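Asker: Please put together the full structure from these sequences, using the hints given.
Here are the chains, one letter per residue:
2 protein chains.
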Amino acid sequence: MLLKRRLFTPGPTPLLPAAQTAMASAEFHHRTAEFRALYSRVLADLQTFVGTKNDVILLASSGSGALEAAVSNLTSPGDKVLVLTAGKFGERWRELGRAFGCTVEEVSAPYGHTFSAESIAPALSEVVRAIYVQATESSTGVRHDVGSIAQLRNQHAPEALLVVDAITGLGTTRFDVDGWGIDIIIGGSQKAVMIPPGLAYCAVSERAWKRMESAKNPRYYFDLRKERKAAAKGESAFTPATALVAGLAAAMDYIRQAGGEGSDPKTALIAGRNALIANAEIAAAMTRAAAAALHLSLFAAESPASALTAIIPPGQMDSSVIVKAFREQFGAVIANGQGEMKGKLFRIAHLGYYDYLDTIGIIGALEQVLASLGRGHFEFGVGVKAAQLVYQAARAETQAAKPA
Amino acid sequence: MLLKRRLFTPGPTPLLPAAQTAMASAEFHHRTAEFRALYSRVLADLQTFVGTKNDVILLASSGSGALEAAVSNLTSPGDKVLVLTAGKFGERWRELGRAFGCTVEEVSAPYGHTFSAESIAPALSEVVRAIYVQATESSTGVRHDVGSIAQLRNQHAPEALLVVDAITGLGTTRFDVDGWGIDIIIGGSQKAVMIPPGLAYCAVSERAWKRMESAKNPRYYFDLRKERKAAAKGESAFTPATALVAGLAAAMDYIRQAGGEGSDPKTALIAGRNALIANAEIAAAMTRAAAAALHLSLFAAESPASALTAIIPPGQMDSSVIVKAFREQFGAVIANGQGEMKGKLFRIAHLGYYDYLDTIGIIGALEQVLASLGRGHFEFGVGVKAAQLVYQAARAETQAAKPA
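So the protein sequences, as listed, match chains S and E.
Residue 285 in my numbering sits at position 285 of the first sequence, with consecutive numbering throughout.
Residue 184 in my numbering sits at position 184 of the second sequence, with consecutive numbering throughout.
One should not assume that every hint holds.
One copy or any two copies: either way a pair holds, since identical chains are not told apart in the list.
To be verified - Distance condition first, Cα-Cα at most 20 Å in a straight line; then the derived SDA-like pairs of lysine to any residue:
| # | residue 1 | residue 2 |
| --- | --- | --- |
| 1 | Lys402 | Ala325 |
| 2 | Lys4 | Gln392 |
| 3 | Lys229 | Leu43 |
| 4 | Lys324 | Lys344 |
| 5 | Lys324 | Arg395 |
| 6 | Lys53 | Arg174 |
| 7 | Lys4 | Gln20 |
| 8 | Lys402 | Glu281 |
| 9 | Lys266 | Gly179 |
| 10 | Lys342 | Ala243 |
| 11 | Lys4 | Pro17 |
The hints are simulated quantities; they were obtained by calculation from the structure and are not laboratory data.
It should be emphasised that the depicted structure is a prediction, and the values quoted were computed from it without experimental measurement.
Answerer: Next comes the structure, spelled out in structure tokens:
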């Protein structure tokens, strides 16, 4: 059959058509009143989307640029920082801490697992200047419990700043950013917000802004204070990625629309953000149920994320073969394991612009791929059936929750 | 869940992204060498796509414009024409014949059926000047056997011109246009060629060009001879729909790519056209198998088309309810019955830019829609299972046919 190229990777994710159109027609000079208005609107919308009163900063970089900013702006050489690692992205925090001369203390959980309170508490001490963690470890498909980690910080090391890489967490997971006291939370454009890579955003607490006064690590392009000053005037410190900003504005409008008509713009955006999270949750639950019905095990032994599902290939099979079969048979791009997990798992994304048909379609494709590789030890349709039941139950719940 | 607007209607059909991009950036003046080259290329590609040596004419109109051209250019008032009707589109031929003062003889089959040779043969006589028929009656989902009709014409009324509305037939059905002696065959842009409505095309035989010399019915905008003269210079008689022409060129390139690399452009386009037809055939076979597994009957009692599948709603249910549920629950636009068949059937399209995931997705949605309407007298997954088996068998056949 025809092959449509379809991204099922946990970033980049499928593009929102309205954002594509906005990007294609974006021809702005960035030092104009027109663009300043757009930029300010996007920053305000992101603040609502993140769910915080903290200032939001937008960077023309991939998410990793904002990770660097959260290290270089908050630390001085020799500072002790705690890094929580349970996968490839956790390890990126370690590398960044070391690159900026910090003394990196590490609490790690095995790949596929998350941290216990018992393992974190002893590592927290007043001398820890900052804690770095992922909301979702996209390399393993595990969600870390940021709320509990924040609570442990409050108890054992209240002065430590909490920095959360929520690049695949925002729009797939519920956060109480200000209530929990997250000092920096980071997102990226090519994730739940449905546009191409090239923008990172982060919300920064007053405590974090204050820390920057004394933090001595060098930074220039990623100097967040410079961006905050520019943002107050509707500008960016350096040339902004104008087309992506226009795309992000369109994505925020789309999410607002999904939140329903009749309510004020801010309330609608919050409702839309919650609908986007629920969407990923349902797609993830459908996929997990299908995997179980097809006798497949999840790589996330506990706390599976809604952003993506990491699945272990059947019987020692190399997951690269499965990834290749999805691409060649169906044009569907799913993700292999990363680094040392390459060949050991495959990952199907749910974050952002996916709907019911995408989800049922990729589950059907999974059934075909396994059968074509001689691993069809199931009746066709059983994976889809399990997913249908999950969808039906979720829909019944939504219907029941609607006001009469 | 999020709703993506998805067209499953037998025209308009889903847009090819490469065509959208080409249309968005098409800013041509039509009386330039650049546009003349594009126009000539599209006409040559359409000739290959239709599979004919006859000249192809492109019109800035919907398909119905070309239907009118096939009446006004070939007939004189009082001419006897034979119209074969078995649905709403067949009836359009009757209306057109009458509008241009022809004496319309009609052979009709009940909705959902096609014509028998026994019913057509007696209506053919030397005085019939032209025969008008659909290749696919999109209102009922029935394919008419154009090859057999052509043979009957050759036997019983060799002077009669054969005109085929193949608006949903081209790209879904195999024709031997020149071998069978089809005098005019008509296609439309919003069908298997994956671009928006606004263009019609037709291939015209030498016999038909000759008939135009004596045909006395009035025509101006749809004067095919005027277009033929302009086309010889890479132009159109009136202002062409430039962006759609650019989109059609991109669509022809896409179909050529689907035909495989390494072969010459013409051979590749023919192979791609055949792949496009096979794609519709497989999607249609998957959908018919799913319908049967879900205890649904096809409206086409015989000779079901590959362009679309028309399904009878279960137990006297109004199909409008089903069409609405697809749209509201899944954002999927399927077609209701037309005219007097409204409420009595629903139609799911397969022509053009559909792939495996679309097909499995819409079948999954059909299961959910029926269940949500209290008609889920089946286990979830049985429709998908039936479709999976059809897909698997078709894939095995394709694999077996590949050179080692």
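Asker: Each hint should be assessed against the structure and marked as holding or not.
Answerer: Okay, the hints, checked on the actual structure:
no.: 1; hint: Lys402 / Ala325; result: between (42 Å within a copy, 17 Å between copies)
no.: 2; hint: Lys4 / Gln392; result: between (27 Å within a copy, 18 Å between copies)
no.: 3; hint: Lys229 / Leu43; result: within (13 Å within a copy, 58 Å between copies)
no.: 4; hint: Lys324 / Lys344; result: within (14 Å within a copy, 44 Å between copies)
no.: 5; hint: Lys324 / Arg395; result: between (33 Å within a copy, 17 Å between copies)
no.: 6; hint: Lys53 / Arg174; result: within (16 Å within a copy, 63 Å between copies)
no.: 7; hint: Lys4 / Gln20; result: both (17 Å within a copy, 15 Å between copies)
no.: 8; hint: Lys402 / Glu281; result: within (19 Å within a copy, 42 Å between copies)
no.: 9; hint: Lys266 / Gly179; result: within (19 Å within a copy, 65 Å between copies)
no.: 10; hint: Lys342 / Ala243; result: neither (34 Å within a copy, 45 Å between copies)
no.: 11; hint: Lys4 / Pro17; result: both (15 Å within a copy, 10 Å between copies)
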